[in-house]
Amino acid sequence: MYANNINCPQCGSALALNFRHSKLRACEYCGSTIFLEDEAVRLAGKQSVLSQEASLIQLQRAFRYQKQSYLPVGHVRYQYEDGFWDEWWVIDHDKGLWVSVDEGDFAFEKRVTAPEKARFENFRLGDEIKGWKVTERGHAVCEGFEGELPELVHQGERFDYVHLSRAGGELFSLEFFENEVKAFKGKWADPFEIEVEG
Amino acid sequence: MSESTSKLRSIKCSSCGAPLSLHAGHKIKSLTCDYCGAVMNPKDEYKVLTKFSEQQLLSNSPLKTGAQGKLKGVLFTVIGIIEWCGDGECWIDYQVFSPTHGYAWLSYESGHWVFLRRTRYLPNKSLWRLLPLQSIKVNQQSFRFYEKFDAKINYVAGELTWVARVGDTTTLAEAIDPPYSFSEERNERETEYYLGEYIDAEEIQQQFALPDLYKPKNVHRLTPYKSKFLQPLAKAAKPFAILSFIISLIIWLFMQGSPVTIKPVVMKNLGNGQVESRYEFTINKPKHLIFLTMDTHKANALLNTTIKQKATGKSIVNLGKKNAKTGTYRIDKRITHVESSFIVPKAGVYSLSFIANTQLPVKKVAVTIKENRVGSRYFFWLLLLSLAVMIFSFVSRSSFESKRWKLAGD
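Residue numbers (numbering that gives the first Met the number 0), protein chains in the order written: chain D, 0 to 197; chain H, 0 to 409.
Bear in mind the hints are in silico, worked out from the structure with no lab data behind them.
Mixed in with the good hints, there may be bad ones.
Once the Cα atoms are required to be at most 20 Å apart in a straight line, the calculated EDC-like pairs of lysine to aspartate or glutamate come out as [said to hold, decoys possible]:
1. D:K184 / D:D85
2. H:K28 / D:D81
3. H:K28 / D:E36
Can you build the whole structure from these sequences, using the hints too?
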């Protein structure tokens, strides 16, 4: 596993990096947000502290799912119409992936290339598109993050999202930001199969 | 954190003012007052959506909202209750919630409990098109069609992940692989799939600290077949049956022994109508089983059959005496067929003689002797015993399964 350290440009605390391609790191000591640009680190303001909620997945606590081991190193929380959901950036044997958790609904997803010309308005609940069914659509706002992340997220950033599902527990998510569309593909997971290690 | 309990909050019923406890998370779509039957919308300041004042209190419910217990090792809280009636039966579904594992259902019917969780895995073919005995596959698990039926809501209380109203109907189809089930539920809004697992009543009683619980006597469609004695015995008997069958077959095919040449020596008239016939044969492999068969058409002709060591005159087999010391023998009632297994102490020449009451031509008696034979009798009995246990277990299981499938619909 990759291991490196940086010093927080705000408070000087040593911060561990678990992922070679991390783009963002939150300082758990002073709450600063740090951009990681090649060899340099840059301060990017303060983070609000995320409230502690009951969760099977926790930062730096490895877990196993279907014989594969994962280590959560980053955590983002999004608010939406019904409440909130958590996205955990976890390191696996490959390039890492996102685990989405919303009150017992778990999904493992990897970022993929977004379809060209995808527009939020074109996805209506129940629509069938190339074998995928639109099962959820809504608006979300980033509440904050902790740990380290492979991409930039901004507290307070708003976006629209759609979830598409198909047989075999497959999931395809699209997130529509002002300047880009992010796409993720993965599978729903059974929380009863997740074993927290240690 | 897996032990986390739900956060307890409370509000007053928007209709009657009764205190109501809230245990669930943000996915709740309705809250129904236990006292006045008002259905409220948690997403809109608990505004009353509808009211069912005619709703009768549920008297036969073993659990109440707020009850907590572990299901599959995870602590769940009962947040809502629905009583369904359909297909001549009524049952209670408890909506349960865990902050770490989300929402699930605990279904109670005539003392039986089933834990149901929503699954995103879809069946390989529609449950609705299945005929009796047909199967579906879900995530590599095979389920056999059990029944489909309509059900109507009789009673609602507490928090639910959908807006349930008394009188609402739904259509259910279920396939089973005891103790598991796969069900499809359709209503006017959506189709949902659930995986169920039978939970022992005693486990529920223990986990939810229930003082008394009705112990089911009938067989539920998901009750796993359990026999404390027969099931493990049949399981243990299976390898024995296979092994003893293979060994018996090998012995029967390849270890029947080598034929020994028999030479008629003398036929002697003893007077009083009795004739002694004598044969000689050579045994090369002592201390190995020797097998003798004698057949004739004349009744009592093989009486007083003896085998002696020629050199010493020592008797090895004496079929005329009940207390024959060496080997085993079998004689039919008419004494026309003799089978004997025995061992001789040394290699050498042995004589076989029998005394017939009437003069009997030698050609009318068929004698065969085989040496170096392996006995299969004990393996054969072991095979029979193992098969008997397995058959008994199979019959017991079949009887249980017929009770399970008796109520299956189409």
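How the hints compare with the structure:
no.	hint	result
1	D:K184 / D:D85	17 Å, holds
2	H:K28 / D:D81	9 Å, holds
3	H:K28 / D:E36	45 Å, violated
In summary, the one numbered hint that this structure violates is 3.
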